[in-house]
Each structure stands twice: as structure tokens, then as C-alpha cells.
Amino acid sequence: MNLLKYLLVGFFFGIVLTKAEAVSWYRIYEMFQFQSFHMYGIIMTAIVTGVIGIQIIKRNKLKDIDGNLLTIQDKEKGNARYWIGGVLFGLGWAMVGACPGPIFILLGAGFMSIGLILIGAVFGTFLYGVLKDKLPH
Amino acid sequence: MEILTQTWHWSVAGFLIAIVMLLLNYFGKVFGMSSNLRSLCAMTGVGKKVPFFDWDWKSQRWNLAVVAGAMIGGYVAVHFMNDASNVDINPKTIEQLSAMGIDAPNGKLLPDTLFGNQIFESPKMIIMLLVGGLLIGFGSRYAGGCTSGHAIAGMSNLQLPSLKAVIGFFVGGLIMSHYILPLLF
Chain A
1 MNLLKYLLVG
11 FFFGIVLTKA
21 EAVSWYRIYE
31 MFQFQSFHMY
41 GIIMTAIVTG
51 VIGIQIIKRN
61 KLKDIDGNLL
71 TIQDKEKGNA
81 RYWIGGVLFG
91 LGWAMVGACP
101 GPIFILLGAG
111 FMSIGLILIG
121 AVFGTFLYGV
131 LKDKLPH
Chain B
1 MEILTQTWHW
11 SVAGFLIAIV
21 MLLLNYFGKV
31 FGMSSNLRSL
41 CAMTGVGKKV
51 PFFDWDWKSQ
61 RWNLAVVAGA
71 MIGGYVAVHF
81 MNDASNVDIN
91 PKTIEQLSAM
101 GIDAPNGKLL
111 PDTLFGNQIF
121 ESPKMIIMLL
131 VGGLLIGFGS
141 RYAGGCTSGH
151 AIAGMSNLQL
161 PSLKAVIGFF
171 VGGLIMSHYI
181 LPLLF
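Heads up: the protein sequence lines correspond to chains A and B, in order. Mapping of the first sequence onto this note's numbering: residues 1 to 137, in sequence order. Mapping of the second sequence onto this note's numbering: residues 1 to 185, in sequence order.
Since the hints were made in silico from the structure, they are not lab data. The C-beta atom is built at its ideal place from N, Cα and C for all residues, glycine as well. Do not rely on the hints blindly, as some may be mistaken.
[As the list claims (entries may be wrong)] Chain A stretches covered by chain B per the calculated footprint, using a threshold of three residues with CB under 8 Å from any CB of chain B:
(1) 5-17
(2) 21-30
(3) 44-55
(4) 63-77
(5) 84-90
(6) 101-115
(7) 122-136
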């Protein structure tokens, strides 16, 4: 498996998110206070571009890099997991102003305190794994 | 080089994020950053005790490579592509933060009040960052994805479950930003 192309895509992603300031606690706070269009603009442009891209892929039955038909799996049906999990995630996102991508990007940039968020996030993931069968999905 | 160091316009950034997602699709993969947290758990061998982590994380090495690249990208962007004009947020936001005792950006990505190295001496701040992380890790795995997997990849593929999750993200975010953060500062 050639990992270099993934490393390069990640490198590009890290630069884009940093220069868009989507990794900034300030930008997340400003977004949730409805005091700027910046973050909403980023998310909406990404979705519109993504919808168009995926429609082009599906309608033209494009192939992936290995020559297989490019298919994108649907998300599992469900309710509780998306609503409850979503709200819990949102609470954390607005609290520390970082979602998983930015956690890694900021850590790479050298912000040591972000390491605490990563420790919390890994433990939170572990906790979900332990409690999974007891939770409504 | 101002075009690289200034804050990138939201339309450019949004477009490029979608390109990242589509590139991963072209490679036969799905864009999603929080899965890496599951890989980190599985790597420790905890799968022997917790079935959820008994999965082939090695098949997800590609995603860990994306993360490694993103970390290098973050380093390069923060150290070589920064400018004093960055993080030019709404003056009203700055005023509001100042009332809460949180320092203004002045070009910085993160407030020192929450992320400066002095926070390691403050139990309150340490707990806050750990709890925030916990909510992010637990919530994203429970919801089966985060901002990248649901808000960008799921919504782009017109997935109803992702719409539910994204509405959840914003409900949680608004509650935190408007009702809980003011109590913490």
C-alpha cells in the first residue's frame, strides 16, 4: 500500500484547515455566536462542491484509482445515536474549539495543551467502545 | 506570497476541503478524521478485552498517514505561513471574550487563556480540555463520525443520518457557547 499519496493529501488538508482558520478556537466561538459568516461559508462551500463532485462520480459511473467502480457507502440508519452522539460532540467542539482533524493539526503545529484534548478524545472513544452495547442506537 | 499567508477566503477553503474528500474517494477511501481515534485505541491491543476495538486497524493505516500529513501541514502553516493580520474576528466577539477574561487573537490561532503553557498549572483548565476531548471522542464515535465524516462527507453524499448528526453538533455547540462557556469563565 502506497502511503505517500495519503501523507500528501493530509499535508494539503492540514495547510488548508490552518489557513482557513477552521482550527482556531476563536473562529468556532465566533461561529456559534453567529458573529461571522466565515465558518458557515467554508462548510457550505465544501458541501456544495462535494455534492456536485459526488453526483458527477455517480452519474458518470467513474472508477477509482484501482479501476473499480467508485462507490460511497451509505451511513447506517438510526436516530438516537445521531441525535445524542451529535449533541455530545457539539458540546465538546464548542468547548475546546477543535474537532478531530484540528486536534491533530494543532498538535503537529506544536500546541502542547492540545495533547490534553487528544488524551480526552482517545479516552472518550475507548469509553464508547466499552459502553456501546448498553447505549441506544 | 501574501496570497499564502493571509487568511484564506471561505470559498477557497471550502472548495479545497471538498477536493480533499473527493481525492480520498478517488483513492477508494472515505473522508473521516475521528476513525483515527478508534485506530489509536485499537493499536494498544485493548481489542482483546473490548470487542469494538478488535478490528483490523492496519487496514486504516492510510488514514493515519493522512493524519501524519495533516500534522506536518499544520506545522508548516503555523510556522511559515502566518501573518499578523490572521484570525481577524468580529470586534464584537473580541469585546465579548474580553469581558470573559479571554485574550484577543492578535494574529494567534488560539487564546493563551485556554491553551497557553501556563494552563498546565491550572487544574480547572486541564479538566476542561480533558472533558472537552472526552465529549468529542465519545460523541463522534457514538454518532459514527465528526465534522469531516458527517458534515462534509455525509452531507455531500446526501445522507439523512449525517443531517441528524450535524443538527446535533450545532444544538450541542450552541448550548455550550451560549449557556455553559459563560459559566466557566
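Hints, verified against the model:
no., hint, in the structure
1, 5-17, "holds (count 13)"
2, 21-30, "holds (count 10)"
3, 44-55, "holds (count 10)"
4, 63-77, "holds (count 11)"
5, 84-90, "holds (count 7)"
6, 101-115, "holds (count 13)"
7, 122-136, "holds (count 11)"
When each numbered hint is compared with the structure, no violation occurs for any of them.
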